[in-house]
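**Student:** Chains A and B, in that order, give the protein sequences. The first sequence begins at 1466 in our numbering and counts up one residue at a time. The second sequence begins at 1466 in our numbering and counts up one residue at a time.
If you're looking for bench data, these hints aren't it; they were derived computationally from the structure. Be careful, since some hints might not be right.
Given that identical chains are not distinguished, each listed pair holds provided it fits within a single copy or across any two copies.
What the hints assert, rightly or not - Think about it this way: if two alpha-carbon atoms lie no more than 30 Å apart in a straight line, the pair counts; the simulated DSSO-like pairs of lysine-lysine are:
id: 1; residue 1: Lys1612; residue 2: Lys1517
id: 2; residue 1: Lys1505; residue 2: Lys1597
id: 3; residue 1: Lys1570; residue 2: Lys1517
id: 4; residue 1: Lys1582; residue 2: Lys1645
id: 5; residue 1: Lys1645; residue 2: Lys1527
This is what each chain is made of:
Number of protein chains: 2
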Amino acid sequence: MADEVVLLDFWASVYGMRTRIALEEKKVKYDYREQDLVNKSALLLEMNPVHKKIPVLVHNGKPVCESLIQIEYIDETWPGENPLLPSDPYERAQAKFWADFIDKKMSVTAKRVWATKSEEQEASKELIEILKTLESELGEKHYFGGKTFGFVDIALIGFYSWFGVYEKYGNVSIESECSKLIAWAKRCLQRDSVTKTLPELEKLIALISERRKSLGLE
Amino acid sequence: MADEVVLLDFWASVYGMRTRIALEEKKVKYDYREQDLVNKSALLLEMNPVHKKIPVLVHNGKPVCESLIQIEYIDETWPGENPLLPSDPYERAQAKFWADFIDKKMSVTAKRVWATKSEEQEASKELIEILKTLESELGEKHYFGGKTFGFVDIALIGFYSWFGVYEKYGNVSIESECSKLIAWAKRCLQRDSVTKTLPELEKLIALISERRKSLGLE
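So that you can see chain A by itself, here it is in the shape it has in the complex:
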């Protein structure tokens, strides 16, 4: 049986970007289905009844939820090309630790950056702290896992497409504060899987400008 792979996703989601990049790295063909997050589809509610969130990877009719779990699933299901997680148990644990750190820290803080008034700079400072912690973990390595693009890179790179949003509304220059991280992001952008996936900043800013209006911030 040929694999039937469907991705329920939303173009601006940093989580969805992870799964799209992982599928591209593995050269898995899939059917992308953009979701309306205001009026959720019957399919989304059926496939992720617990959280009702995208992305959902549907493989031969069976759903896998949560983007980091999806990357691992993709790596285990299509193990041949471009391994995404290290094979050594200790290195795997470290990769999972940093991806978990990104999940625990980035989204909440990043949302506070663009969803609050620009005079409130606390969130921007915290965001820079988080990015500096990640930069310190990266060190002099080419990618987070060393020489090859992998799990932690995939977990983080989607946020890079949002950096311009954080800079605009958070009144901060990530480029000047975290130049090594920017250099890492540019290395990631040499990969087709990443350039294909990351959205344009203008589109994101248009989206966020609308959200801010609906929050009474513009």
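Add chain B to chain A, keeping to what the hints say.
**Tutor:** Chain B only, in chain A's frame:
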């Protein structure tokens, strides 16, 4: 070289309990070091500089942080006895999804149950909803993974030792609301790894009573 395994932990931690149970299941000998969470030890700060939290598993001098990552690491490092995660990628993804659900939902809500005034019952209702979702996933199975005790059971069973705390301060009967989950917990308690690990309710209540006093709730 013989394995040197050290666990930095705190007796009442549901996260630490996970790692202790996983080590017991694998019959790994380890050096347990109780931590003072108010005055954190130099060793804890050195081994988990990012989050500064227990549990930390230190294997041959190298730290592994985050309890779910520790269980996976233990399963991969000592694969022989009692596999903790399923070998099938889809089942693995499902197990990780439910453990992640427990992490995202249980602690925050459970703390609201005991750390607020007893007249505020909203948290107790939410806790029952979460437990009913888990009960529904358990269904008629013996354990969450089917016939054998594993990852999701380990992720959840520590909370069972706290049920009496939630019942006392949340003014709720988990036993009458979630009888199948209680039956599952009693099955888990037939395992040495679990009985050895779960603390006595009286000790937990004494601890929480002190915390509530310091929060001005008693």
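**Student:** So which of the earlier hints does this model not fit?
**Tutor:** Nothing - there is no hint that the structure violates, so all of them hold.
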